[in-house]
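Asker: Model the full assembly from the supplied sequences, consistent with the hints where possible.
Chains as they are written, first to last, in this note's numbering: chain A, 15 to 373; chain B, 15 to 373; chain C, 652 to 1053; chain D, 652 to 1053.
Treat each hint with caution, since some may be false.
Computed footprint of chain A on chain D; a stretch qualifies when at least three of its residues, placed anywhere within it, have a C-beta under 8 Å from a C-beta of chain A [stated by the list, open to error]:
| no. | region |
| --- | --- |
| 1 | 765–778 |
| 2 | 797–810 |
| 3 | 817–825 |
| 4 | 852–862 |
| 5 | 957–969 |
| 6 | 1004–1010 |
Derived DSBU-like pairs: lysine-lysine, alpha-carbon spacing no greater than 30 Å straight-line [claimed, not checked]:
| no. | chain 1 | residue 1 | chain 2 | residue 2 |
| --- | --- | --- | --- | --- |
| 7 | D | 682 | A | 124 |
| 8 | B | 123 | C | 752 |
| 9 | C | 851 | B | 39 |
| 10 | D | 938 | A | 326 |
| 11 | D | 851 | B | 359 |
| 12 | A | 65 | A | 216 |
| 13 | C | 895 | B | 65 |
| 14 | D | 946 | B | 352 |
| 15 | A | 352 | C | 982 |
| 16 | C | 997 | A | 359 |
| 17 | C | 946 | B | 44 |
| 18 | D | 938 | D | 705 |
| 19 | C | 973 | B | 124 |
| 20 | A | 91 | D | 752 |
| 21 | C | 851 | B | 216 |
| 22 | C | 917 | D | 910 |
The set of hints was computed from the structure by calculation and includes no laboratory data.
For each residue, glycine too, the CB sits at the ideal point set by N, CA and C.
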Amino acid sequence: MADVQERRTDFGPPHYEQFLPPIIKENYGKWKYHEILKPGVMVHVSETGDKLFTIRAASPRLVCIDKIRDYCDLADKYCDGYLRFTSRHNVEFLLTKHENIEPLVADLKKLGHPIGGMGNSITSIVHTQGWVHCHSAATDASGIVKSVMDDLSEYFENMKLPGKLRIALACCLNMCGAVHCSDIAILGIHRRPPRTDHTRVKAMCEIPSVSASCPTAAIRPATVDGRASVEVIEERCMYCANCFTVCPAMPMADPLNDGVSIWIGGKVSNARSEPTFSKLAIPFIPNNPPRWPEVTQAVRGLVELWASNANKYERMGEWINRIGWPKFFRMSGIEFQKEHIDDFKHAGLTYKRSTHLTF
Amino acid sequence: MADVQERRTDFGPPHYEQFLPPIIKENYGKWKYHEILKPGVMVHVSETGDKLFTIRAASPRLVCIDKIRDYCDLADKYCDGYLRFTSRHNVEFLLTKHENIEPLVADLKKLGHPIGGMGNSITSIVHTQGWVHCHSAATDASGIVKSVMDDLSEYFENMKLPGKLRIALACCLNMCGAVHCSDIAILGIHRRPPRTDHTRVKAMCEIPSVSASCPTAAIRPATVDGRASVEVIEERCMYCANCFTVCPAMPMADPLNDGVSIWIGGKVSNARSEPTFSKLAIPFIPNNPPRWPEVTQAVRGLVELWASNANKYERMGEWINRIGWPKFFRMSGIEFQKEHIDDFKHAGLTYKRSTHLTF
Amino acid sequence: MADLPKTPLLDELESGPFPSFVSEIKRAAEKNDMSKDLLGQLEQSYREKIGHWKHGGIVGVMGYGGGVIGRYSDLPKEWPNISHFHTMRINHPSGWFYTSKSLREICNIWEKHGSGLTNMHGSTGDIILLGTTTDHLEPVFEELGKIDFDIGGSGSDLRTPSCCCGQARCEWACYDTMALTYDLTMHYQDELHRPAFPYKFKFKMSGCPNDCVASIARSDMSIIGTWRDSIQIDQDAVREYADKGMDIRSDVIGNCPAKCMDFDGKELHIENSYCVRCMHCINVMPKALRPGKDKGATVLLGSKAPIVEGAMLSSVLIPFWKLEPPYSDLKEIVDNIWDVWCEDGKARERVGEFIQRVGLGNFLDAIGLEPVAEMVAHPRENPYVFYEDYFEEGDEEEEEKG
Amino acid sequence: MADLPKTPLLDELESGPFPSFVSEIKRAAEKNDMSKDLLGQLEQSYREKIGHWKHGGIVGVMGYGGGVIGRYSDLPKEWPNISHFHTMRINHPSGWFYTSKSLREICNIWEKHGSGLTNMHGSTGDIILLGTTTDHLEPVFEELGKIDFDIGGSGSDLRTPSCCCGQARCEWACYDTMALTYDLTMHYQDELHRPAFPYKFKFKMSGCPNDCVASIARSDMSIIGTWRDSIQIDQDAVREYADKGMDIRSDVIGNCPAKCMDFDGKELHIENSYCVRCMHCINVMPKALRPGKDKGATVLLGSKAPIVEGAMLSSVLIPFWKLEPPYSDLKEIVDNIWDVWCEDGKARERVGEFIQRVGLGNFLDAIGLEPVAEMVAHPRENPYVFYEDYFEEGDEEEEEKG
Ligand code: SRM
Ligand code: SRM
Ligand code: SRM
Ligand code: SRM
Ligand code: SF4
Ligand code: SF4
Ligand code: SF4
Ligand code: SF4
Ligand code: SF4
Ligand code: SF4
Ligand code: SF4
Ligand code: SF4
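Answerer: What follows is the structure in structure tokens.
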């Protein structure tokens, strides 16, 4: 115990100040306005007249240490060693010298990192672990993200969209990618009830917690082959996997039935309209690695439908809100199905309670 | 039984056609447009060129047969005997002769029935039985209605409001006046749990139905003084009286604690915005017969606040929606209290889930 | 007849510009003892701030299970003439149109057999004959029958359907509300008179989205007229409104919820495929704009007052139907709904509550209707989807299993 | 080191314009056996369409209850080097600013002790060191400590707080997001490192309502900058935008949700008492408009992903606070919230779910905060009000009873 006492703990992260370039320290809180000079390049102008240039480059988020060292080399070469990452996992280089912009852009391109994701564009996809690291995954994360962004890279590199479009991916309903408020969300889903391993439940899981974990009360304690275990009422199960989270003996993953669903129209910012949740667009697309062509195609279709019909500044959900979901379904050709109808707690409030309809 | 067989039953209401004046029969479905000529008087013009004039007069709804006979006399005198009532219980006289308008208006005024309730006005209050006929009432209906309309009669007789304003009153939470979607709703409320008469529960009520009737599960079967009865968990009771509806041995009425609450911003029409529920404005005003001055004053305050601040065509709720509820509370001087915060089923969805705030 | 009781409190409600219900009761009380005692008991209620009616028992006319509300005073000694004071609900004619002749006949019957007090009308739409005793119920029924007035609904039955005046007096009615109301009322006489549902069921018909009978808020089935094609525009009349000072941009276009209108000062343009048929522009320019020509109605389901599960508004079931006699498509869907609700509904569970309990998707399956996007304001936000089928290992050709 | 496993499926993900995670894993695999086996197992997952990780056990560094995610392959025979493959969550510096020096030091440590793979960053904001074995955890912690990097959160504890770059690089930041994030992180080290809550708790700070860290959707406490006074307008700059072709009426005013703006061609007028601080007009005219000068933040509570009660957005708790160091008012409210939630919250119940279960009004009582209208989108629609007091007969002076 003496060891533990002496050990330095709870010292927290390093103070951010030591990582700020001098121009930021001097102009902290004094920025006046910014301008996007071209896709992926912006300048912030201070009340003091100082200018800070930012170059944003795409990142796969899953990066090896040698790649980080590449970033460091570029930061040393052009930015006095200063760089940052964004809340959507892109890497940003902070420059004070205008003349360094083009050479850095060129070097980044050489490294295979497109420049963009600013303004009215599609920036990198917020995503999760998938088959790379998580036990819960109903699909892979990085593979779909790579495929979708390959397909949409023009929209990362230009600013021709009506507004920002945010895509997110989560590989299971835990939604670590927080896809619940995205313009387009790709969500890994299971579609069959857990297959309980009754020989392991008693040993590995706390039976009352398992029963309590189910949002639809589909699980009850049961004795199976003389063993204390649980029973799943299959008709009540909507495959959320919360039981698996608390009990490893109830695996959900299943190659035949796992896949993704696509959700749209959510947003986070308070700009114009209030933040809102994403809504179900496509209930199910089977996993089709390595490039999930049906998913990339569906996403592109949605992006293009929005891009060619929305008004300026209208986010995906704002556009659909204006025209109404029935019209969206007609325009997109997506078939409206029973799955689209909410049947969880607040379902009644999602029914159409007016005659405001288009024909 | 032979009697019953021979007896004429299930013949339904008389066919409406026999009650339609000839001009309506001839122009049925052919009306082209209408115009409000002055408060309470409108003309409908047909594609055939025919014109039908309508005069709308206020009614207390609770009318004695001699008053109905008065109406009949006027209809005979000016309208070939044709008249109708409206969905808000006003009486309408249907004229073909323009020259009959003024004399009829004069006769109606003589009878003490103001003309109006059309266009951007306040029409009669939809209401219920109250102490006149219902066992459930937490307040009277007709008395408050009379007092409020006396106070607001100028708005019945002119058309100077931004839009229509619909007031409704229900004397208990059963809401026979359907006050749940009104610009201003006056709602009788109890504020103390039922006082169970344990000597009568067993005989008068079905105990399982009584327990099941409670929306908040506040009632459970119990043996009291050796008798099968029910027990009310008082902290869980929100005084809805649903238990009393199914069980007469659980009376709610209580002179000390009954009174009215005021709800605003609901609407029914699909014009502009979708139909929407009324929301709680004033949690409680004690019963103060015969004229409920606090209620009439509160209603007038709300009408005038809306009238002097809303845009043209903006119903009460549309106006508040535009400016936000916090601003409404500031402007009205009504104190925001715990009671205003929803805590029923969908409460979470009524919380302010954005930073769209005014200061 | 004795003097009227002293009513100092109620007397205060006889002054003021609005017609007074107290004066009505007094006028009736002049010649009717029931009304006289009602006046007395009501004064006592005003004094004590509490009602004096007892929970009603079941009373009615022979062969009918509803239509009469039993009512008893809890002060029968003080007010013996209203110790029994039942209400009769009489099915009004569609649209509440009358002749003076028919009204006088009703008055005469009620003079003979009741308090002489009425509600014209009750909030469901019935003629309310307010206050009589059990022994008078059957005679009233018999005499009303002679002038073709039948009893309305109460209890767990179909309630008296009602409607706006529609095509009789309104240029906007998109279907014949009065005809449909009459037809349904006649077709469902048995359901109206003999309670056999889990709870009450109400129909209300409005001719257009202005919904002048509050159907979307107050009826289990709300039938609201609308149109599918384009709003009819008379451009000359539009210009006339503009010339007369209407600010078309802010008053009309600025309030269009679909933001689908445009006015260049000369022509009004409406992008009809975006129009949500809200009526606003038509309401403010009735001489220039009219609903389209391809008319029909939207059928919605489920509204009700708050008890028990909270108030509900009706929601779309059929986005558009032409609704022409004999209305067989509508009746078929109504029958299916009642079958399912009667089979699986709980006691005192309105159809709207029932749908929310079983889920709209399952309800549609049960009544045999395909889901369409018009039924929802938006698709689900939660990922708790009950996918209907999954594959089993070894399924040939990846067929789906139930 | 042996050859890389054959990965025909993954190889297809190396082409295309976007940077490839497969290339990253391969580059690491060149010199690291863990990464090599990861590549092999991942290819197998791609072939079989299923993950190959087992439910994690509890592993960690001494004295800490969180920050490490235990992970084991379910194919340890085939891929022995990843039979253990734990993740370490390292608390990033506020705003994700680095020097190349500090990043290189982290890389060196991870080269020695882990797979050489990272996430820059995890979705909560941590530096994710992806894959090591239990015996390396303590050494990594020790070496990181030397360069002042501590471990982040996991399990039922405070999670690593994160924020937008705020005043460091944004003209709109209404408070110092990075300072607050650092301060809270330091102040709550114990809560961050030793799980003692019913479930996880996240803070996210955004400098303005654009909410660039998605705080309103992804954190139990969302702290979002705003202002109380008037938007600062530079009318010359407004005219410049107009001259350069911006359609101020449709692009700016037409999108204002409060409909509180007006432009006469020369001056832009904003009725600030109606403005809801949505940022739109400022976003599109950054040179002309700026947030007001009386700045602070709105504090919101309760957002989370869907499991169990459905996804939630945070809702307003404090409409406006100045938020200046030492932030004692904020910490006091946080402490009160945690006390109440720890006392009465159920296991795995997020604070947002807890509030909905006990009711916002009761929750406010418990944490000692007055209800204000800003907390709700609108007052209740149902009449099911729990009035707090009622009068008993005989109460003197009509005093209220509890
Ligand atoms: C760097 C970053 C913050 C950080 O500390 O990391 C950032 C930086 C800026 N954001 Fe952001 N936002 C960043 C994530 C976000 C997010 C969060 C997210 O996407 O998960 C949002 C909320 C998204 C949503 O609503 O779903 C976000 C919503 C906005 C908005 C509102 C857009 C809208 O119309 O809804 C603006 C305003 C604008 O662009 O006009 C904005 C504006 C800006 C400005 C212009 C602010 C400024 O003056 O510096 C910055 C550059 C804009 C750009 O990229 O176009 N930023 N911004 C994040 C970059 C992510 C990336 O790599 O792409
Ligand atoms: C007579 C009546 C129908 C009936 O069959 O009995 C009726 C008749 C008309 N209504 Fe209505 N409405 C009648 C109850 C309603 C109701 C129901 C209610 O109040 O309970 C509503 C829904 C109210 C609500 O939304 O809460 C209603 C919402 C409208 C509207 C939409 C107003 C709005 O802006 O929201 C219009 C359009 C307008 O007036 O511009 C309208 C328009 C009309 C027109 C102009 C239709 C026409 O062309 O004939 C009629 C005369 C208007 C007037 O009174 O200003 N009528 N109208 C009802 C008269 C009640 C009364 O005595 O005052
Ligand atoms: C007479 C009338 C009020 C009036 O003064 O106009 C009325 C009176 C009563 N209603 Fe009602 N309701 C009347 C229209 C309504 C309406 C309005 C409507 O139909 O448009 C509603 C709201 C709409 C709805 O159906 O949800 C309504 C919702 C209720 C409820 C709550 C039902 C619910 O599902 O939430 C009850 C309670 C019950 O059914 O046990 C109720 C019960 C009652 C009872 C029978 C009291 C009881 O607990 O048994 C009342 C008898 C009063 C009496 O002594 O005369 N009444 N009731 C209306 C019927 C007159 C008519 O036939 O024309
Ligand atoms: C690593 C990370 C995903 C990523 O690739 O970035 C992650 C990974 C996991 N999350 Fe998460 N969550 C991560 C951010 C999130 C977020 C996003 C955020 O914080 O902004 C969310 C949604 C926001 C929220 O908190 O609600 C999130 C919501 C969950 C949930 C659902 C919690 C809920 O209350 O609904 C679970 C399930 C649980 O806690 O048991 C979960 C559980 C998990 C577990 C621990 C799996 C489990 O069942 O125990 C995952 C471990 C994966 C692995 O093997 O590495 N993770 N998780 C993120 C943390 C990295 C970091 O520290 O920076
Ligand atoms: S979303 Fe699910 S599968 Fe993906 S990392 Fe989070 S918990 Fe794991
Ligand atoms: S997957 Fe979800 S719904 Fe199904 S049994 Fe498990 S916890 Fe219940
Ligand atoms: S609202 Fe209540 S008290 Fe009034 S008539 Fe209806 S049931 Fe009776
Ligand atoms: S009044 Fe309502 S809440 Fe109270 S016990 Fe009766 S049914 Fe329950
Ligand atoms: S609902 Fe429409 S059709 Fe019927 S009266 Fe009202 S405005 Fe006319
Ligand atoms: S009816 Fe309503 S939605 Fe349609 S054009 Fe007119 S105002 Fe717009
Ligand atoms: S949230 Fe606001 S202050 Fe922070 S980076 Fe985004 S725009 Fe700037
Ligand atoms: S910040 Fe938003 S609400 Fe305020 S004036 Fe600008 S656009 Fe309007």
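Asker: Does each hint fit the structure? Answer for all of them.
Answerer: Each hint, compared with the structure:
no.: 1; hint: 765–778; in the structure: holds (count 8)
no.: 2; hint: 797–810; in the structure: holds (count 4)
no.: 3; hint: 817–825; in the structure: holds (count 6)
no.: 4; hint: 852–862; in the structure: holds (count 3)
no.: 5; hint: 957–969; in the structure: holds (count 7)
no.: 6; hint: 1004–1010; in the structure: violated (count 0)
no.: 7; hint: D:682 x A:124; in the structure: 23 Å, holds
no.: 8; hint: B:123 x C:752; in the structure: 23 Å, holds
no.: 9; hint: C:851 x B:39; in the structure: 34 Å, violated
no.: 10; hint: D:938 x A:326; in the structure: 19 Å, holds
no.: 11; hint: D:851 x B:359; in the structure: 25 Å, holds
no.: 12; hint: A:65 x A:216; in the structure: 64 Å, violated
no.: 13; hint: C:895 x B:65; in the structure: 23 Å, holds
no.: 14; hint: D:946 x B:352; in the structure: 28 Å, holds
no.: 15; hint: A:352 x C:982; in the structure: 24 Å, holds
no.: 16; hint: C:997 x A:359; in the structure: 19 Å, holds
no.: 17; hint: C:946 x B:44; in the structure: 14 Å, holds
no.: 18; hint: D:938 x D:705; in the structure: 54 Å, violated
no.: 19; hint: C:973 x B:124; in the structure: 46 Å, violated
no.: 20; hint: A:91 x D:752; in the structure: 13 Å, holds
no.: 21; hint: C:851 x B:216; in the structure: 26 Å, holds
no.: 22; hint: C:917 x D:910; in the structure: 26 Å, holds
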